[in-house]
Amino acid sequence: MTETEPSTAEAIVFWVCAIFSVAGALGLILSRRAVHSALWVAFTMINLAVLYLANAAPFLGMVQIIVYTGAVMMLFLFVLMVVGVDSSDSLVETLRGQRVVGILLAVGFGILLIVGVGGALSGMPAVGLDAANAEYGGNVEGIARLLFSEYLLAFEVVAALLISAALGALVLAHRERWAPKRTQREISEERIREGIHPTPLPAPGVYARHNAVDTPGLLPDGSVAEISVPGPLRARGDLRPVDTAALAETIALSEGENVLGPQDHPVADDPGTSPGEPK
Amino acid sequence: MSPDHYILLSVVLFTIGTIGVLVRRNAIVVFMSIELMLNSANLAFVAFARMHGNLDGQVIAFFVMVVAAAEVVVGLAIIVALYRSRRSASIDEPNLLKY
Amino acid sequence: MIGTGAAVMTDTAPVVAPLAEATGVFSYLWLLIALPLFGAAVLLLGGRRTNRWGHLLGSTTVVLAAVYAVILLVNLMARPEDDRAIGQTLFEWVFVGGFTAPAALQLDQLSMVFVLLITIVGSLIHIYSIGYMDHDPDRRKFFGFLNLFVAAMLLLVLADNYLLLYVGWEGVGLASYLLIGFWQWKPSAAAAAKKAFVMNRVGDVGLSLAIMLIFITFGTVTFDEVFTEAGQASESTLTWIGLLLLLAAAGKSAQFPLQAWLLDAMEGPTPVSALIHAATMVTAGVYLIVRSNAIYDGTIFALTTVLVIGVITMFLGAIIASAKDDIKKSLAGSTMSQIGYMVLAAGLGPVGYVFAIFHLLTHGVFKANLFLGAGSVIHAMKDQQDMRRYGALRAVMIITFLSFASATLAIMGIPPFSGFWSKDSIIHAAFEVSLVAGISGMLAAGLTGFYMTRMFTMTFLGKARWEDDQHPHESKPVMTIPLIILGIGSAFTGMALLFWGDIVSWLTPVTGLQENELPLPTIAYEGMTLALVLIGAGWAYAMYRRDVPIEAPQDVNILTKAARNSMYDDAINDVLVVQPTYSVSRAFVGLDNKGIDGVVNGLAALVGGTGAKLRRWQTGFARSYALAMVGGAVLVVVVLAVVRLP
Numbered sequence: 001m002t003e004t005e006p007s008t009a010e011a012i013v014f015w016v017c018a019i020f021s022v023a024g025a026l027g028l029i030l031s032r033r034a035v036h037s038a039l040w041v042a043f044t045m046i047n048l049a050v051l052y053l054a055n056a057a058p059f060l061g062m063v064q065i066i067v068y069t070g071a072v073m074m075l076f077l078f079v080l081m082v083v084g085v086d087s088s089d090s091l092v093e094t095l096r097g098q099r100v101v102g103i104l105l106a107v108g109f110g111i112l113l114i115v116g117v118g119g120a121l122s123g124m125p126a127v128g129l130d131a132a133n134a135e136y137g138g139n140v141e142g143i144a145r146l147l148f149s150e151y152l153l154a155f156e157v158v159a160a161l162l163i164s165a166a167l168g169a170l171v172l173a174h175r176e177r178w179a180p181k182r183t184q185r186e187i188s189e190e191r192i193r194e195g196i197h198p199t200p201l202p203a204p205g206v207y208a209r210h211n212a213v214d215t216p217g218l219l220p221d222g223s224v225a226e227i228s229v230p231g232p233l234r235a236r237g238d239l240r241p242v243d244t245a246a247l248a249e250t251i252a253l254s255e256g257e258n259v260l261g262p263q264d265h266p267v268a269d270d271p272g273t274s275p276g277e278p279k
Numbered sequence: 001m002s003p004d005h006y007i008l009l010s011v012v013l014f015t016i017g018t019i020g021v022l023v024r025r026n027a028i029v030v031f032m033s034i035e036l037m038l039n040s041a042n043l044a045f046v047a048f049a050r051m052h053g054n055l056d057g058q059v060i061a062f063f064v065m066v067v068a069a070a071e072v073v074v075g076l077a078i079i080v081a082l083y084r085s086r087r088s089a090s091i092d093e094p095n096l097l098k099y
Numbered sequence: 001m002i003g004t005g006a007a008v009m010t011d012t013a014p015v016v017a018p019l020a021e022a023t024g025v026f027s028y029l030w031l032l033i034a035l036p037l038f039g040a041a042v043l044l045l046g047g048r049r050t051n052r053w054g055h056l057l058g059s060t061t062v063v064l065a066a067v068y069a070v071i072l073l074v075n076l077m078a079r080p081e082d083d084r085a086i087g088q089t090l091f092e093w094v095f096v097g098g099f100t101a102p103a104a105l106q107l108d109q110l111s112m113v114f115v116l117l118i119t120i121v122g123s124l125i126h127i128y129s130i131g132y133m134d135h136d137p138d139r140r141k142f143f144g145f146l147n148l149f150v151a152a153m154l155l156l157v158l159a160d161n162y163l164l165l166y167v168g169w170e171g172v173g174l175a176s177y178l179l180i181g182f183w184q185w186k187p188s189a190a191a192a193a194k195k196a197f198v199m200n201r202v203g204d205v206g207l208s209l210a211i212m213l214i215f216i217t218f219g220t221v222t223f224d225e226v227f228t229e230a231g232q233a234s235e236s237t238l239t240w241i242g243l244l245l246l247l248a249a250a251g252k253s254a255q256f257p258l259q260a261w262l263l264d265a266m267e268g269p270t271p272v273s274a275l276i277h278a279a280t281m282v283t284a285g286v287y288l289i290v291r292s293n294a295i296y297d298g299t300i301f302a303l304t305t306v307l308v309i310g311v312i313t314m315f316l317g318a319i320i321a322s323a324k325d326d327i328k329k330s331l332a333g334s335t336m337s338q339i340g341y342m343v344l345a346a347g348l349g350p351v352g353y354v355f356a357i358f359h360l361l362t363h364g365v366f367k368a369n370l371f372l373g374a375g376s377v378i379h380a381m382k383d384q385q386d387m388r389r390y391g392a393l394r395a396v397m398i399i400t401f402l403s404f405a406s407a408t409l410a411i412m413g414i415p416p417f418s419g420f421w422s423k424d425s426i427i428h429a430a431f432e433v434s435l436v437a438g439i440s441g442m443l444a445a446g447l448t449g450f451y452m453t454r455m456f457t458m459t460f461l462g463k464a465r466w467e468d469d470q471h472p473h474e475s476k477p478v479m480t481i482p483l484i485i486l487g488i489g490s491a492f493t494g495m496a497l498l499f500w501g502d503i504v505s506w507l508t509p510v511t512g513l514q515e516n517e518l519p520l521p522t523i524a525y526e527g528m529t530l531a532l533v534l535i536g537a538g539w540a541y542a543m544y545r546r547d548v549p550i551e552a553p554q555d556v557n558i559l560t561k562a563a564r565n566s567m568y569d570d571a572i573n574d575v576l577v578v579q580p581t582y583s584v585s586r587a588f589v590g591l592d593n594k595g596i597d598g599v600v601n602g603l604a605a606l607v608g609g610t611g612a613k614l615r616r617w618q619t620g621f622a623r624s625y626a627l628a629m630v631g632g633a634v635l636v637v638v639v640l641a642v643v644r645l646p
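Protein chains in written order, with the numbering used here: chain A, 1 to 279; chain B, 1 to 99; chain C, 1 to 646.
Hints listed in this document are in silico derivations from the structure and should not be mistaken for laboratory results. Treat each hint with caution, since some may be false.
What the hints assert, rightly or not - Residues on chain C that point at chain A, a partial pick, calculated with CB under 10 angstroms:
hint : residue
1    : Val584
2    : Ser624
3    : Ala626
4    : Leu627
5    : Ala641
As the list claims (entries may be wrong) - Far from chain B, by Cβ distances over 12 angstroms, these chain A residues were calculated:
hint : residue
6    : Pro180
7    : Ala225
8    : Thr250
All values reported here derive from a predicted model rather than from experimental measurement. A virtual CB, placed ideally from N, CA and C, is assigned to each residue, including glycine.
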């Protein structure tokens, strides 16, 4: 990088990152879903970090990536998860004229800035930061020197601001417990009173023949207890049918008959043909 | 290509951020638009620092980031509290403080 | 002066000499005021714990003041005639720019006689009150107020400048308010106190304006300096000052047209009436006029107005006194009439000043006597004040009867009782100045004879018209002893002052004296006056000796009706002052409600309406506000661009 004129390499970096960041910004305001917006912003910020690097601000570029993209935007995503990922915005404007006037004003403001600031800047020589960065041995050292000398007071005040902000967030997000915590006794009494299944649900996979949770357990009378299988499996219909032969065997056993002769026990010989195996 | 281009890019990003603040209704998106505006200002600061050849602009950008971080913490806490009471993150929802 | 054709015989101008420094016995001059003030402070601030001995302390302070006053008199008489004005500066009171008013006392011949009257008659009234107020639960407070009254009156007569006099003047007003309304649980007493206070205020405004005018004219308010320079002021200024002072005097001394409060003031306990009518309060107006003689000397108009007011009041009071059945109100009317005599005398100028004071002194004694006697009767008759329920009290209240008789003869002007000397002096002086004034004085003397005889006959003579439960008896010694002293005083004060004390030459250095020649010998005027008094007295005796109906007859002439209603003073005041004030107030209220409130409320409604419309901008939507902010930012940039870019 020369002192006055940006190099061609920098021009390429600028144009690529500029287009990407503007695209990211447009993505921010055009995405229907807040999560997408957040990702677009993160993208823009990374591109901006690159532009900082190109502007001889390596420290800020790193901070941009670590603090902004890494911490702040992730905090945004975290809150988005709390608030609800799939709460998508309706893009229909409810305030009359807000969208038109807002866009007009914003664009007008931008044009004014471009005309004003750009006009004032054009032809102004760029000094470049090489000398300033080199003075104390590098960009980080230069910024550190400024922070801890001229801007020391502001630095301390900002530290206080951060602490206050943390406390403020604690206070704002804190939810006061108005009623005393419910005891186990109260919870169980409520269960009985409301007629919900009072005891733990029956376990699936009776008699340890199977260890799969998709096999329903059997009630003492031999009927199938579908409740023993977790709900989502039931909802998907992934219920393993009960082996009727084994059931009959069980019933016979319960009536005292010797159905399991030592000679024809199938399990040890051929697990593949075991009556309990899936279809 | 000249350093002015950074300023122009900054203005464009700022304008887009402003539109986002004015047009979007999801409080979190509005908030992110504000972050975008802050970032565009930072870009301008960094470019100015380069043009003038001193690091003050970068220090200011650094402070902007710190303040933005604090602001994000408080702002997001407010959004969470708001969501808890209204089950919505719309910025048009809390409009009781009016005539 | 009016219609005088007589030649001037003598003309002595007042002596204007610098005040002598108070030394020796005079250096404790402040004690005169401090003693009763101390009593008042102890009794009023001490609260209930002073109840047991409060009346004794209250009486002692005034008696001590009286003793000291006598000592002062003896010492003052020992001094040469032109060196009897003592001054004592207590402290610098007001000093603002060129204006100074020291708290300074002045004891001269005029103040001296007033101090004696106030303290001695005041002492007797205090002692009498010990018995009269025996059963009142608030007797201690009563004595506190009495002491305050005496202290204020002493300050009034001892002040050496108008401003300090004003303090005493207001103090007297306050004390009279407190005492007239002493039985404040009676609505009539509270109203009477308020009436006295308000009407006195009218006079007080006159006094304060007069003081301001005096200050503007002379640059000082000290008597000495004002009177020295009085001759240099223009006549119109002096006339205004004189008229304003007359207004003040009319308020305090119950002169026409501010006389209405005096009759209502009878709502107070009887010793208060005695104090107000004899020793303090009503005499203040006469004092003020006589003290300011240097101002009146320069303004014939104001002086004549004084004379006219005095004559009017003299007749008003006498007519009212002739018709009232309430013994105290009748006495109040007689006070009005007698004060009218004094004001008349003061209005004669240097011819009459001395006799005004002379009559004031004798009147102080016999009027105190009359009121205390009336109090004794009222006490005996269980608070019955209607003379139609009295009669034949001579037999049961012999001491009261004798002292009352002495005072009655004195006020009627029967020689050699004290009223004869003073009243005939006034009539004589009036003839020296104006035939009309003299004849008026004579006629009023005849009226005096009528109403006093009427009162005396209805009360002590004739048949008993008591109610069944009334068993009159003589009062206790604590009440009768003051009556005896005052009875003797009523008989001999006039002679004592005139012959032994030589009151005329005593007062001349302060007031000046002028004597004119009269066409007839003195004895002729005395004879005519006496004849008129006797006619009046005989007529009254004939009318009331036999039967007095218990109910007042209604078929009476219009004058009697008017007199029974105190000459319709309340109605006149109502029509002339109260109703117009109400009308003006109502007009202002209407103006305030419609005009001023209309403007204010209209303005408020305008602001409110505009606000109600503008507040619609506050939609509550954060994005609207953000839009407004961006608009503002655009505006700022545009303005900056417009200003900076070209």
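**Message:** Taking the earlier hints as the rules, which of them does this structure contradict?
**Reply:** 1
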